[in-house]
Structure formats: C-alpha cells, structure tokens
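Top line first, the protein sequences correspond to chains Z and Y.
Under the numbering used here, the first residue of the first sequence carries the number 5, and numbering increases by one thereafter.
Under the numbering used here, the first residue of the second sequence carries the number 25, and numbering increases by one thereafter.
Careful, some of the hints might be misleading.
[Claimed, not checked] A partial selection of chain Z residues facing chain Y, derived with a Cβ cut-off under 10 Å:
id : residue
1  : Val66
2  : Phe88
3  : Leu99
4  : Ile138
5  : Tyr144
6  : Lys224
7  : Pro484
[Stated by the list, open to error] Some, not all, of what chain Y presents toward chain Z, calculated at C-beta under 8 Å:
id : residue
8  : Ala73
9  : Ala104
10 : Val122
11 : Ser124
12 : Ala243
13 : Leu248
14 : Ala269
15 : Val375
16 : Gly376
17 : Gly478
18 : Gln574
If you're looking for bench data, these hints aren't it; they were derived computationally from the structure.
Beta carbons: idealized from backbone N, C-alpha and C, even for Gly.
Residue strings, one per chain:
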Amino acid sequence: MRSTSIAAIPKTRLKNVRVLMRLWRYLYRFKWRLLLAVFISFASNALALLGPMISGLAIDAVARGAGNVDMTLVLAYCALMIVFYVVSSALSYLLSIFMVGITQKVVVALRRDLFNRLIRLPVSYFDNAQTGDILSRISYDIDTIANTLSSDAVQIFTGVFTVIGSFVLMLTISPALVLIFAVTIPVSVFATRYLVKKVKPLFRARSGKLGTLNGYAEEKISGHKTIKAYNAESSIIGGFDALNSDAADAYCKADYYGTVTGPTMNLVNNISIALVSMFGVLLYLIGGPIGITLGNLSSFTLYSRKFAGPINEFGNILSELQSAAAAAERVMRIIDEAPEPPDAEEAAALSGVQGFVTARDVNFSYVEGRPILRNVEFDAPPGKTVAIVGPTGGGKTTVINLLMRFYDPDSGEIRIDGTEIREAARASVRAAYSMVLQDTWLFCGTVYENIAYSRDTVTRGEVEEAARAARIDGYVESLPDGYDSVLDEGGMNISKGQKQLISIARAMLSDAGMLILDEATSNVDTRTEMEIQRAMLRLMRGKTCFVIAHRLSTIVNADIILVIKDGEIIERGNHAELISRDSYYKQMYSSQFE
Amino acid sequence: MSGGLFVKFLGAIVELVIPWLLAYLIDTVAPANDVPMIVICGAVMLACAAAAFIFNIWANRTAAKVNRNVIRDLRHDLFAKICYLSCSRIDAFTTPSVISRLTSNTYDVNRMVGIMQRMGVRAPILLIGGIIITLTLDPMLTLVLVCTLPFIVLVVWLVSKKGIPRYTETYLAQDKMVRTVRENVTGIRIIKALSKTEHETARFEGVNNELSLKEKRAASTMALSNPLMNLLLNVGLVAVILVGAWRVNADLTEPGKIIAFMTYFTIILNALISITRLFVIYSKSSASAKRIFEVINAPDDITVTPSDKLETNDHIVFDGVSFSYLKKRNNLTDVSFSLKHGQTLGIIGDVGSGKSTIINLLMRFYDADSGAIYIDGENVRAIAPERLYNMFGVVFQNDIIFSASIAENIDFYKSGQEERRYRAAAAAQADGFIEEFGDGFLHKLAVKGADLSGGQKQRILLARAFAKNAPVLILDDSSSALDYKTDAAMRKAIDRDCAAATKVIVAQRVSSIKHADVILVLKDGAVAGRGTHGELMTTCPEYREIYKIQMGDIA
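Using the sequences and the hints, build the whole thing.
Spelled out as structure tokens, the structure:
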C-alpha cells in the first residue's frame, strides 16, 4: 500500500521482436483459419489478375477495327469477366469476414488473458495502480492491436507472395537489371532498421502518455463533485491540458517519425524505377547478350512496380506494427505481472474452521523501513469478539489485511486453528471470514444479485430475509423494480449508508465461520444500527469476530479489546477492565462525551 | 492546414510524373536512340523521386501536427465540458461512459483525422484526375463508367445506414466491458475475500464475448462495402468494353483509346479503394464523434436565473424545499430552516433520510423541485456557480484524494496559502501524521490515497475544507472514521478557527452535533424535529431515542 508503486518500478523493456512473437502465438492458435484466409486471398488476387487478361483478349477482339468486331466473342469475354469479378468480390468479402473473425478471436483471447491475470494479481497491485491506466490498456491498447491485426496480417502474407513471384519473373527477364535491386534493397533494409530503432521508443511513449492522461482523467472525473465545490475546474483542466499536450505531442512525434517510413520506402522504389528505366533503355540500345526488347522492359517495369508495391506497404505496415508492439507491450506487462504466489504444494484447504485465531510476533511494513505493525500478538478464541480500536493510522486496517492474506507479514505468524495461514490454501483462509468494509462495493447488477453475491446457491427467500435483517428491505421495495432494480454507477439514489446495509445483507448470507467488520456501520445512523443490532448479533453468534469501529457503543460488548497505537498493541482487555484503570482507552472513551 | 494539403497535392502530382516519363522514354526516346535524353530523363525521374520524398514527408508531418492540434483541442473541449457538467448530467451519462468517451472515442477520431489527411487528398486527386483524363479520351465511354457512380453512392448509403448504428452498439458494449473491469479493480478486496475470482472471470467472459460479437457484426457490415464497390466498378468497366466494342464497330472510336482507358481505370479503381477505406474509418469514428459531441453539446441544465431577493439577516434559509432524484418518490419533502451567520446546523437521521440531499441542494448540484433556498437572501438559482461554490468549504461522503502531494490535496489548486495550509492541517488533527512522512506536506500520496488509513484520509479532506476558509463549512459525515478523541479535538479546533463560518454538519454521532445551534432530525425526507439539543430532547422522540442508544450505556 505504501507509496513505491509496483506498477512504476522500471522493468527491462520487452524486446520488440519478442512482443510481436507473442502476439503471433495468439494468431497461431488459429493457424488453419489463417491458412485458409491466405489461400482465399491468393485466389481472390489471382482472379482479379485474370480479369485484366481477359479484358486484354476482349480488346484484341475489338482491335480488328470498325465493322470487323466479333460482337459475340466480345460478349462472351464480357460475360466471363463478370463471372470472374463476381467470384473475386465474393472471395474478398469472405476474406474480410474471415479476418474479422480471426481478429476478434485474438482480441477476445487477449482481453481474457489480461483480465484473468489482472484479477489474480495481489491486492498491492491495485493499491498502487491508476484505474484509468488499467482501463486504457484493456480498451485502447487492445484496440490498437486489433486494428493492426485485421488489416495487416493477410497483407504481409500476400505481399511476400507477390514480392517473391515478381522477383523471380524479373530474374527471368534480365538478371543484369535485377542487379539494381542489389543496391536499393539493402538501402531500404538499412533505412527501415534505422527508423524502427528510432521510432519504437516514440510509440512506447505514445501509449504510455495516453495511459497517464487517461489515469488522470479517470481520477478527476470520479472527483467531479469535489472539483466543482472547490471551483478547481480551471486548475484541473490546466493539469489535464499539460498531460493532454504531452500525449498529443507524443502521438505527433511518433507520427512525425513514423510517417517517414512510407515516403522513404517510396523514395527507394522510385529510385529503383528511375534506374531501371534509364539502364533498361540503355541495355536496349546496347543490345547483344545482355540486351532486352522494349516489350521486356515494359514488363520488367510492370513487375518492378508489383515488386515495389508490397515493399512500399511494408513501410506503413511496419509503423503500424510498431504501435501495435508498443500497445502489446503494455498489455503483456500486466499479463507478466506476478500473480498472488500459488499456494504451497502441501497447503491444505482449511475446513470445518473452529475459529481460533492467534497472532505471534507479527511485524509488517508496506514499504521497507516504515514498520506499520510491530510485535503484534493476540489470541482470538472461537466465538469471541475481538474489537480493534485506536487512533486513526495506528494500523487497525492493516491487521485485517494480514488476516485476509491481502498482504503477508514480514515476520511472525498468524494461525487459524493452529494452522499457519501461509501454509493453508489462500482461498480457504479468505473463505473462513465474511467481511464488511467501510468502502462498500456494489457492482452494476440488480439488488438481488448484489446481495446474493456472497453465496453460490441461494434462494429468493433467503436474500429477502437477509435484506430484512439488514433493514434495507424498505428501501429496496421502494425502488421501481424492487429486488430486480439495477444499481448503476450513476446511483445517486443510493446513499453510502444504504450501500453499507446491502453489504451487511450480503455478509449475512455468507456461511463463513468468522466475521470481519471494518467500520461496517460507520455511515449507518444509530437508530438503524440498533435495529440491525439483533441481526448483527445473530450474525456474530458463535463466530470469531474482528471488529473495527469508532463508535464505542459497538465495541463495549466485545470479549477482547485491543488498543493499537503506532503499530503496537498498547492495551488489551475487556471494556470493564480497561475503563477501570487510567488507560488510553478510557481517554478515548470519555472524549466522546466532551 | 491548407498548406499541408497543397504540399500533399504536389507530392501526388510529382509521383504521377514518373510513370509518364517512363512511357515517354519507351515510346519516344528509346526508338530515337537519344542517349543524352535518356540520362536527362533518368535524372528528372530521380529528381521527381526526391521531390516526392520531401513533399510527402513534409505533408505527413504537417498532417501529424494538424492531427495533434485537432485531437488536443477536442480532448480539451470534452474534458473541460465534463468538468463543468452538472451532477445530474453526469448521472445520466454515467461516469464510466463519460470516461470511455474521453479515452476510446477521442482516439478513434484521432485515427480518422490522421488517415483522412493522408489518404483523403491523394485519393480524390487520383479519382478526379483519372476521370478528367478519360473524359478527354472518350466522353461517351466515361459516361458509361460514371453511370456506376449512383450505385456506388447507394451502396455507401445502405452500408453506412446499417453500419453506424452497429458501431454505436459496439461502443455501448465497450462501455459495459470497461465498467466491468473498473468494478473488478475497485472491488478487488471483496472479490478475493469471497473467492469470486472464477465468477468474475466468467462474468467478464460474457461481457468480452458480447463486445466481440458486436464488433464482429459491425465490422462484417462494413466489410461489404469494399467488394461491392469493386464489383460495381468492374461491371462498369465491362460495360465500357461492350459499349466500346460497339462504338469501334460503328467507327466512332479507336481500340487504342479503350486500352488507354483501361490504364486510367486502374488508377481510378485504386483511388476508389482508398476512399472506401476512408469511408469505413469514417463510419466507425462518426459513431465515436457522435458520442463525444453528445457530451460537448449537452445543454447546461443548471442556469442562473434572476430571482426574488429575500429580506433577511439569516445566512442560509431553506423555505419549503422538496426534491426527488428520480422524480418518482420525494427524497426531501417540505424542508425549512434558517441559520444565522456563524451558527452551526447539525443534521441527523436515518440512512436514506435525505441528509446528503440537503447539501446537494444547498450547493445547487441539483435544483429543488419546489420551495427555495437562499444564501444571504439571494436565491441560489440567481448566484453564478463560481461565486456560489466559493461560499463553501466542504467534505463530501466518499470524497476523493488525488494522487498528488499532501500540500496539493489540501490547497486544492489554490496557490500561495502555505500559512493557511499548516493551520488547516493542525485544525484537522492531520499535522501529526503528515510530519511522520519524511517529506511532510510534499509527500506524494498514492492513487486514491491508498497509503492512508480511512481516518487519515478524512483528516486530509477536512484540512482541505478548512484551508478554503469559506463562509460556509459543510461536513457530510466526514468524521465517521475518526476515533472520538480525534473527533473531539477537531471539533474544538473548528470552534476556535472557524468561528465566523456558518457550519452544516451531517453526522451519525450525536456528540458531533450536540452543540449545534440548530439540529435537524430527518425522517424519510421530512423534518421530524428542529431545535437545539435541549429542545429536541423534550420535543422529538426520534432524537431522544438516538441519544439514548448512543449515550445510554453511561447515562
């Protein structure tokens, strides 16, 4: 939690090629479809090339001159052409559909992999990452990849085919003229490599800056009301403008250099053509063994255009691949992030939890050198309620973080029923508790779904009963669709207290053997709290409970009260014991009546 | 911008000179055996290649700059508009949708502007140039070719009519996907605690597939345009050959012209293919642009309207205010109270009884449905927003900490108030823990203040409200995470440092509002009791009950 951002620790840059290879592996999963797509593309191109050939024949038939044109032959050729073009168009449509399909499959797989890793990352990752940046990766970056894949993948294959084909044909016409390419091709290879090296960091910066911008915007838009209240719009917009300029400049800069690639390739090709034309005509004039005919020269230049076409495109494709690689790198960064370490092999799932929790000499710090908990020790016998109190920032919530294994202690041990929790399956440790936090979390779904979330199988009746017990039933029934009303993000019609009550109803459904309440009722008014007290007591009965609360009325009945200050337990005992002596607890307690 | 277009135009023209020179070489120079001319032609071709290189890079760079300015301004306009948008408008758009409009949709437009500039000039030049040249060859044949154009327009119209709504659907699905990820990021603790990882994975899978399906449908629709346009044009070409054959037979034209026609036809076809690509990108981004402009053009629903002035010495007056968020059931009904300068209003009541709604209306985040709210006798509807907001120092429920330094979070973008910042932090009981950070006020807080405990966050927020030193101090349940001791110390500090300010305090604890000059007890949006602590203890059973529950165990 403490500052040093895990996401921000610079890591070795992933190599361009390795990123693209990993992208390729996604494509490779659909190799047969891809192969078919390439095949269709060849067929479609070949048919499209046959069209002009037939039109040539038709023109030959026309060329017999006025009055001599064989109209039936022309008609026949024309009919044939129409057939060819129809088939070719159909094939090219088929190809597009195929590529859309493959691209979507890859994109779905990428998003799935990203999300599946994301949700398995340790809590510390989320404590440090900007939500907007994560969202930018799963939307913008993956879109960039998709755009490249759908347009470029097949182009690369057919391009290679065309280049090789025309090269061979040029060789058969005049090996001497092909020598010109022995000069120009290395030049373009060299130029490309130089540009790629130069442009890659620019594309990376472009994705990164956009992520930062989106992170900023997300944060600020979430604080919309506060910004209004403080008339801070212009400063916030100023901050946005600075990042926006950075992002736009980074975009422009990548484009500025990226778009040099296309014209450079074009230049090399145009030079080749100029040289081919000049030397070709000279060869024609020289004649002899290396001489060529004008017809040959004409075909050679046609082929060299064909040869140049894809190479020219490669320039553009390359700059698109660059941006895809930069985007993919950001996606891979999350996919490569270390998930919560797997449970030890001998880790057994806790089952039939009695709820005897012990902590021995627990030390913990979020950031090295800034200890948050020191030598924390306690015993929580089954069924007892442990209240954790103390000044804010003393480390109360950190205890919960450790109990739930959101973080693991630096030293010391925490045991449930004698089992060290790091040696038990993590999911089973977490399942041992039901938990209500101060920062309630509801998702966009119906009220019913939100309450039922804590259990896999639940009946309508049980959900309604939990809602009644948590005193939220009246509110829910007042909603237009009752339990089926959707709680959307714009839920200004639900207060923080109501959210807490829904969270409590959710916890009531859970069948976990222990309970954690971290300021669970801080925004619930006292009357409602009293009303749900009975249900809470029923919820707590027989369970080991850890309660963090400032409202001392909720903790006076606790079996054990731990007073945590500056990371250490300074006092412990029950209310009667603590209040009877001159304790810190007593000071805290009496201050509420001042 | 027009300069860039002209340069792009030059680049396209220069490039067209190269094949023309080649034809000239083969047709005229080579048969004449004119070696110096060959070298000159070669040199001119090389010069053209170099010129094309320079012009194209120049044009691309200009385009990149234009694109940068366009997108920067667009994003600025959108973000600025969002900042000034009313709360109810944001509610209507929903926050995640607003965010995705700002991030994904602007990016689409960015791409479009870039590609439009790169291809949008070249393709039309080639298309129009090609058609003009064919016109000079044989107008009749050109006419045949041009006959296909209405059909092409029809295809474009039909495809976009189907395609654009599908892209709009895609964006809705994308909103949903982004929202799901966002929920998972914010709710990670609960999800892990309940071992719902598998469940969430399955939920995402559904959203992911839905988005993909929508994208696939939209892209498949657009995929129709290219083959269809190609086909139409090729059919046009076949028609040209047929008509040409007839005309040659009737001695109205020569075969050579048909051959030349074919060459230019290829140029026209390629241009048209580029235009199709442009059109696909345009369709996609026009749906994006629509979403952006929906926000930018959203009318202000909170407008300043001159209104009656109330003759009063009171600072804040609520006069019979009723309000409903969803316009179905009242969230506030007929609430009235008045506060003098420097007085404290305490608001207490059940969950959902309308406590925060009073603040929303006082600050005019929403407009009351009936009744009126006055500050110094002025109706809030008649006060310009900036002046209105300046009157309040406020801490909301769920208020936000930015990932900036503590100083920035407290100053909140007001400069030159170092002195005030220290006093505010001390009053909020925050100076102690701030000093514990090695870098004190310069300490950079983590995202969402994740490196602070709940109580520390609240104290920073309180310091922010104090530092503003506004005539009205509003604290909406802002000490719930403070222990009693800290809370009591803070209350003393407020009494000392903010004596002049009129205070509105929403609280759960009686102790937080017990000393208020006026206490409002709310029940289901209506006032159940109004008065001082002493008065309410005798007149308001609800208040008495709350007090007894909270203080009972020592009384």
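Tested hints:
A cut of 10 Å between beta carbons decides the hint on Z/Val66: the least distance to chain Y is about 5 Å, and the hint holds. Annotation: Z/Phe88 was flagged as interfacial toward chain Y, and the flag holds, the nearest CB pair being 9 Å apart, inside 10 Å. Evaluation of the Z/Leu99 hint against chain Y yields a held restraint, the C-beta minimum of about 9 Å falling below 10 Å. The beta carbon of Z/Ile138 is positioned within 10 Å of a beta carbon in chain Y (closest approach about 6 Å), and the interface hint is therefore held.
A cut of 10 Å between beta carbons decides the hint on Z/Tyr144: the least distance to chain Y is about 6 Å, and the hint holds. At about 8 Å, the closest approach between the beta carbon of Z/Lys224 and any beta carbon in chain Y falls short of 10 Å, and the interface hint on this residue holds. Given the 10 Å rule on beta carbons, the hint for Z/Pro484 holds: about 7 Å separates it from the nearest Cβ of chain Y. Against a cut-off of 8 Å between C-beta atoms, the interface hint on Y/Ala73 holds, since the closest Cβ of chain Z lies about 3 Å away.
For the restraint placing Y/Ala104 at the interface with chain Z, the shortest Cβ-Cβ distance is roughly 5 Å, inside the 8 Å limit, so the hint holds. Given hint, Y/Val122 at the interface with chain Z, holds; its Cβ is 6 Å from that chain's nearest Cβ, closer than 8 Å. A cut of 8 Å between beta carbons decides the hint on Y/Ser124: the least distance to chain Z is about 7 Å, and the hint holds. For Y/Ala243, the interface hint holds, since its Cβ comes within 8 Å of a Cβ in chain Z; the closest pair sits about 4 Å apart.
A distance limit of 8 Å between C-beta atoms decides the matter here; for Y/Leu248 the minimum to chain Z is near 7 Å, and the interface restraint holds. For Y/Ala269, the suggested interface contact is upheld, since its CB lies about 4 Å from the closest CB of chain Z, less than 8 Å. A hinted interface residue such as Y/Val375 counts as satisfied when its beta carbon comes closer than 8 Å to some beta carbon of chain Z; here the least separation is about 3 Å, so the hint holds. For Y/Gly376, the suggested interface contact is upheld, since its CB lies about 5 Å from the closest CB of chain Z, less than 8 Å.
Satisfaction of the interface hint for Y/Gly478 is found here, the shortest Cβ-Cβ separation to chain Z being roughly 6 Å, below the 8 Å cut-off. Against a cut-off of 8 Å between C-beta atoms, the interface hint on Y/Gln574 holds, since the closest Cβ of chain Z lies about 5 Å away.
Violated hints are absent here; each numbered hint is respected by the structure.
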